[in-house]
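2 protein chains.
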Amino acid sequence: MDKQYVVGVDVGGQTSKIGVVDARGDVLVQSVIRTDGHSDAADFVADLAAAIKELVVKANKVGEIRGIGVGAPNGNYYTGEIAFAPNLEWAANEAVPFSRMLSEALGGIPVSLTNDANAAAVGEMTYGAAKGMKDFIMITLGTGVGSGIVINGQVVYGHDGFAGELGHTCAVRNNGRQCNCGKTGCLEAYCSAIGVARTAREWLDMTDEPSLLRELEKITSKDVYEAAKEGDALALRVFNFTGAMLGRSLADFIEFSAPEAIVLFGGLARSKEFIYEPTYKAMNENVLPLWKGKVDLLFSQLKESDAAILGASALAWEL
Amino acid sequence: MDKQYVVGVDVGGQTSKIGVVDARGDVLVQSVIRTDGHSDAADFVADLAAAIKELVVKANKVGEIRGIGVGAPNGNYYTGEIAFAPNLEWAANEAVPFSRMLSEALGGIPVSLTNDANAAAVGEMTYGAAKGMKDFIMITLGTGVGSGIVINGQVVYGHDGFAGELGHTCAVRNNGRQCNCGKTGCLEAYCSAIGVARTAREWLDMTDEPSLLRELEKITSKDVYEAAKEGDALALRVFNFTGAMLGRSLADFIEFSAPEAIVLFGGLARSKEFIYEPTYKAMNENVLPLWKGKVDLLFSQLKESDAAILGASALAWEL
Numbered sequence: 001m002d003k004q005y006v007v008g009v010d011v012g013g014q015t016s017k018i019g020v021v022d023a024r025g026d027v028l029v030q031s032v033i034r035t036d037g038h039s040d041a042a043d044f045v046a047d048l049a050a051a052i053k054e055l056v057v058k059a060n061k062v063g064e065i066r067g068i069g070v071g072a073p074n075g076n077y078y079t080g081e082i083a084f085a086p087n088l089e090w091a092a093n094e095a096v097p098f099s100r101m102l103s104e105a106l107g108g109i110p111v112s113l114t115n116d117a118n119a120a121a122v123g124e125m126t127y128g129a130a131k132g133m134k135d136f137i138m139i140t141l142g143t144g145v146g147s148g149i150v151i152n153g154q155v156v157y158g159h160d161g162f163a164g165e166l167g168h169t170c171a172v173r174n175n176g177r178q179c180n181c182g183k184t185g186c187l188e189a190y191c192s193a194i195g196v197a198r199t200a201r202e203w204l205d206m207t208d209e210p211s212l213l214r215e216l217e218k219i220t221s222k223d224v225y226e227a228a229k230e231g232d233a234l235a236l237r238v239f240n241f242t243g244a245m246l247g248r249s250l251a252d253f254i255e256f257s258a259p260e261a262i263v264l265f266g267g268l269a270r271s272k273e274f275i276y277e278p279t280y281k282a283m284n285e286n287v288l289p290l291w292k293g294k295v296d297l298l299f300s301q302l303k304e305s306d307a308a309i310l311g312a313s314a315l316a317w318e319l
Numbered sequence: 001m002d003k004q005y006v007v008g009v010d011v012g013g014q015t016s017k018i019g020v021v022d023a024r025g026d027v028l029v030q031s032v033i034r035t036d037g038h039s040d041a042a043d044f045v046a047d048l049a050a051a052i053k054e055l056v057v058k059a060n061k062v063g064e065i066r067g068i069g070v071g072a073p074n075g076n077y078y079t080g081e082i083a084f085a086p087n088l089e090w091a092a093n094e095a096v097p098f099s100r101m102l103s104e105a106l107g108g109i110p111v112s113l114t115n116d117a118n119a120a121a122v123g124e125m126t127y128g129a130a131k132g133m134k135d136f137i138m139i140t141l142g143t144g145v146g147s148g149i150v151i152n153g154q155v156v157y158g159h160d161g162f163a164g165e166l167g168h169t170c171a172v173r174n175n176g177r178q179c180n181c182g183k184t185g186c187l188e189a190y191c192s193a194i195g196v197a198r199t200a201r202e203w204l205d206m207t208d209e210p211s212l213l214r215e216l217e218k219i220t221s222k223d224v225y226e227a228a229k230e231g232d233a234l235a236l237r238v239f240n241f242t243g244a245m246l247g248r249s250l251a252d253f254i255e256f257s258a259p260e261a262i263v264l265f266g267g268l269a270r271s272k273e274f275i276y277e278p279t280y281k282a283m284n285e286n287v288l289p290l291w292k293g294k295v296d297l298l299f300s301q302l303k304e305s306d307a308a309i310l311g312a313s314a315l316a317w318e319l
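These protein sequence lines map, in sequence, to chains A and B. At position 68 of the first sequence (counting the first as 1) the number is 68 in the numbering used here, and the numbers step up by one without a gap. At position 13 of the second sequence (counting the first as 1) the number is 13 in the numbering used here, and the numbers step up by one without a gap.
Keep in mind that the hints are not guaranteed to be accurate.
Residues from chain A that face chain B, not an exhaustive set, calculated with beta carbons under 10 Å [as the list claims (entries may be wrong)]:
| # | residue |
| --- | --- |
| 1 | Q30 |
| 2 | S31 |
| 3 | I33 |
| 4 | H168 |
| 5 | L288 |
No lab work stands behind these hints, which were simulated from the structure alone. Cβ coordinates follow ideal geometry from the N, Cα and C atoms, glycine included.
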């Protein structure tokens, strides 16, 4: 009988989450280890392998694991490397052959690796809002803006494995905001959590308009969300602006791959009540007539606490 | 033995070109019929079928034709329909089941249909500059701007068969030019033959700068090209501007699908000597660091006179 369980690993800058997952997308057990504080990659891989072994024992699934799926910043599906990931100190300045190292540390069990946004797309297709879809685009609205593109049932990796950097397509051509990537005007500079906070701060500085946000020393996107829930006019306008920026970029993405749906995921997507309407409106105002009202705008259906693990684990079913 | 020849049909607004093609991409014989002047689709299909039969007899390949490939405006690969194509009077207001009609008129021979830009991409992949490539983007710079996207060796048709409308992604966000599609600021409004002529006209009207183009009643992109060859400063700047607009959009396309190359095709691509440098420069200035200098910018290698037929014919090899 085929092995019926997989392990999903979500490598984040500070912590990494591990879970044992069944074919229905239930996370049986999960644990967390530190990602930071490791001097080199071998050190981290050893700790991760030990934690995986321990978790599989705890789940009572020794010998029943089909493979390991890993979602990691700058993870490359083709090469299995995590390369030059600024937020991972042990992979910031080199290309780490992560899949091979982890597989070796676990006695040869197969490992599949991709970046976090692609993993989220595979997770959504396997267990979530995109179940049964062959053509959709996943947009992750977190600290940054990431994307996973699925065409004909397959994640688009491109010639080099790095396709799907939609957060760095141009949203504002002239005098756009500086983005962390070195370019200006990127979608990420406006529609990430950081972008939302920045919009609020800029608008507060520009006017004397009263706002709940004015009392705060440092504004986060969560503060903007809380203020919007209180009916704060400026906070509500920040979401309208953010949605309009996102929607008009989504229109261009539709013109590229004609997806059945666009799925939003991540922290900012939790502000669904404020972000959906302006995004959907701008998307349809800016897209070619043939797609107006034809492409669904959906939100992730994966449980927030499990989503990252599920996304990564879904990769392992293809092993 | 497999049938060793295919027929390519390029349906244009005024004329349609037909050719019998061998596996090496040589057009053995070709002919042309009128597309316009037909009262309805059945009428045109009957004429086209007669012309195809006649040409196959002339090529002495009766019984050796594997299939027919058709490139047509608004051609849908999935449905085999030509639907609501403004430039085809017999398909302007309805969805014509073109593949089925042509196949029936030819005794059941298989017919494959797609739009002209996708056909060009398949042609380039089969016989031209993209031979052996699995990930590339074809941009057709003609009266309009079209595109054919190839990912993992397959043309991207999307959920509905209409993917790849890159000419209508947004090049200018604010106060962009009106495009024929109804939107404003589309890439096509700047980087098509019509866009080039319009840029020249706008600049002539705005200044008193001397230019060879000033004498002309009506300016075409060919006039701008001829003037640029004479060293006309304004004409040269028009190409620099057009290339810069195109290049920065190409950067976004790279961020989508990480292609190995972008292939330019069509009338404007013939102005290679003026368009290549500003396009390549802007593409690399606007793309994420990881792709700088990594994606080739190529020009079609198909003979101009045969290209449209070859592109369409290449579809038939997949039948």
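Each hint tested on the structure:
1. The closest approach between the C-beta of Q30 (chain A) and any C-beta of chain B is roughly 32 Å, which is over the 10 Å cut-off, so the hint fails.
2. Hint on S31 (chain A) is violated. Least Cβ distance to chain B is approximately 33 Å, over the 10 Å limit.
3. Hint on I33 (chain A) is violated. Least Cβ distance to chain B is approximately 29 Å, over the 10 Å limit.
4. Because the closest C-beta pair between H168 (chain A) and chain B is about 5 Å apart, less than 10 Å, the hint holds.
5. Nearest Cβ of chain B to the Cβ of L288 (chain A): about 5 Å, under the 10 Å cut. The hint holds.
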